[in-house]
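Peer 1: Protein chains in written order, with our numbering: chain V, 1 to 160; chain Z, 1 to 196.
Be careful, since some hints might not be right.
To be verified - Interface residues of chain Z toward chain V, partial, derived using beta-carbon atoms under 10 angstroms:
hint, residue
1, V25
2, G43
3, D50
4, S62
5, I73
6, Q84
7, I128
8, S166
9, R196
Said to hold, decoys possible - With a straight-line Cα cutoff of 30 angstroms, these simulated DSS-like cross-link-like pairs (lysine-lysine) come out:
hint, chain 1, residue 1, chain 2, residue 2
10, Z, K44, V, K67
11, V, K59, V, K137
12, Z, K107, V, K139
13, V, K35, Z, K107
14, V, K139, V, K67
15, Z, K107, Z, K118
16, V, K35, V, K137
17, Z, K44, V, K137
18, Z, K44, V, K59
Claimed, not checked - Beta-carbon label-pair distances, calculated as ranges:
hint, chain 1, residue 1, chain 2, residue 2, range
19, V, G53, Z, K118, 34 to 42 angstroms
20, V, A111, Z, P28, 21 to 29 angstroms
21, Z, A112, V, S74, 21 to 29 angstroms
22, V, S74, Z, H173, 44 to 52 angstroms
23, V, P133, Z, T179, 27 to 35 angstroms
24, Z, Q70, V, D104, 36 to 44 angstroms
25, V, K35, Z, R157, 21 to 29 angstroms
Keep in mind that the hints were calculated from the coordinates and are not lab data. Model, not experiment: these values are computed from the prediction. Using N, Cα and C, we set each Cβ at its ideal position, and we do this for glycine too.
Listed here are the chains, written in short residue letters.
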Amino acid sequence: MGRKKLVLVLCLAAALLITAAGIPSAAEAPPIAQKPIAQIKKVTGQAAVLRSGERRPAKVGDVLFIKDVIETGSDGGIGITFIDNTVFSAGPSSQIALDEFQFDSNDFRGAMLADMRQGTLAVVSGDIARSTPGAMKIKTPTAILGVRGTTFAVQVYGDR
Amino acid sequence: MMRRTIPALASMVLLAGCPRQALFVVLPNAEGGGVGAITVEDGKTATILDQPYATAESRAGSTAPTAENQGNISVIFRRAIAAQPILPHHFRLYFILGSPELTPESKIAYRAVFDDTKQRPVYEIEVIGFTDTLGDLTYNQALSLRRAAAIRDTLVRDGLDRQAISIAGRGEHDLLVPTADQTPEPRNRRVEITVR
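Only chain V is shown next, with the shape it has when bound in the complex:
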């Protein structure tokens, strides 16, 4: 029994290794099954998307996925529109992680959680906030913002 188990573990480990080796681009591309949650609509100055530990320049037209992190440089700005029609726009030196997102385009219900780590963000909320009160949240280091209405802004900054 113990030996069988050991073999099984070794096989699993080998399978994992082969899988990892067989998909060198795993870190670059999201799994095929994953659906885009937003599209980049506007970029000014330096802006990037951090995905699976890799940073790439943000380009207008690129799509975003759950867990992507949008970042801007000290002169940068980025505007994105989610599939529920929520609009995010970030000013310079910002970092925002798109942690959770679910949306059903049939009944417009869903949930969203963005992690605002740094910078400035202006938001016009969309279908999720309208159809599912309390389901859209923005986390900051000090508090969580729940969205009831449409237009607001958040700044996260450090103590001097």
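Place chain Z on chain V using the hints.
Peer 2: Okay, now just chain Z, sitting in the frame of chain V:
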């Protein structure tokens, strides 16, 4: 003000674990929607902001409303607001009874949908078709999808990117004007279009 315009390098250092603060602001609604409102929860208190330019600040586990003047708010968020893309726009077009052909008025209104896409550096279009309650469910489901497809085909014929257009049909579900079954209602024979 100075404390909020710390240089990027200092920001990076601060990201590594120094005390953080957040400022929350309700802005006047974009394009004249209803009243904006947010709730700020820090684990102890929930602060509701529901007036334009109402602000709250949170630090070290406590949140309190603040009186930030409008000029300061505009300065703090100027670049974030400047980065805002054109907001999504919604359109509704109507059809002739039992047909995927637009009414004469909607043929004219269609132009606004097309023109809207031209304002945007990149666009996505969603087209959802609907019917009234005349006819059976299966027929109406198919008709609603034909209506959405007809609009997509027209947009593609006019030069828009087919890949950027998604269609769906809801048949006689989600009536714009609630009616009994087997009721002709021009306002229900429609497509709802979102351009973003």
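Peer 1: Give a verdict on every hint.
Peer 2: Here is what the structure says about each hint:
no., hint, result
1, V25, "holds, 5 angstroms"
2, G43, "holds, 8 angstroms"
3, D50, "holds, 7 angstroms"
4, S62, "holds, 9 angstroms"
5, I73, "holds, 8 angstroms"
6, Q84, "holds, 4 angstroms"
7, I128, "holds, 8 angstroms"
8, S166, "holds, 9 angstroms"
9, R196, "holds, 5 angstroms"
10, K44/Z <-> K67/V, "holds, 28 angstroms"
11, K59/V <-> K137/V, "holds, 26 angstroms"
12, K107/Z <-> K139/V, "violated, 45 angstroms"
13, K35/V <-> K107/Z, "violated, 33 angstroms"
14, K139/V <-> K67/V, "holds, 14 angstroms"
15, K107/Z <-> K118/Z, "holds, 18 angstroms"
16, K35/V <-> K137/V, "holds, 20 angstroms"
17, K44/Z <-> K137/V, "holds, 17 angstroms"
18, K44/Z <-> K59/V, "violated, 40 angstroms"
19, G53/V <-> K118/Z: 34 to 42 angstroms, "holds, 38 angstroms"
20, A111/V <-> P28/Z: 21 to 29 angstroms, "holds, 26 angstroms"
21, A112/Z <-> S74/V: 21 to 29 angstroms, "violated, 39 angstroms"
22, S74/V <-> H173/Z: 44 to 52 angstroms, "holds, 50 angstroms"
23, P133/V <-> T179/Z: 27 to 35 angstroms, "holds, 29 angstroms"
24, Q70/Z <-> D104/V: 36 to 44 angstroms, "holds, 38 angstroms"
25, K35/V <-> R157/Z: 21 to 29 angstroms, "holds, 28 angstroms"
Of the hints listed earlier, those the structure fails to meet are numbers 12, 13, 18 and 21, in rising order.
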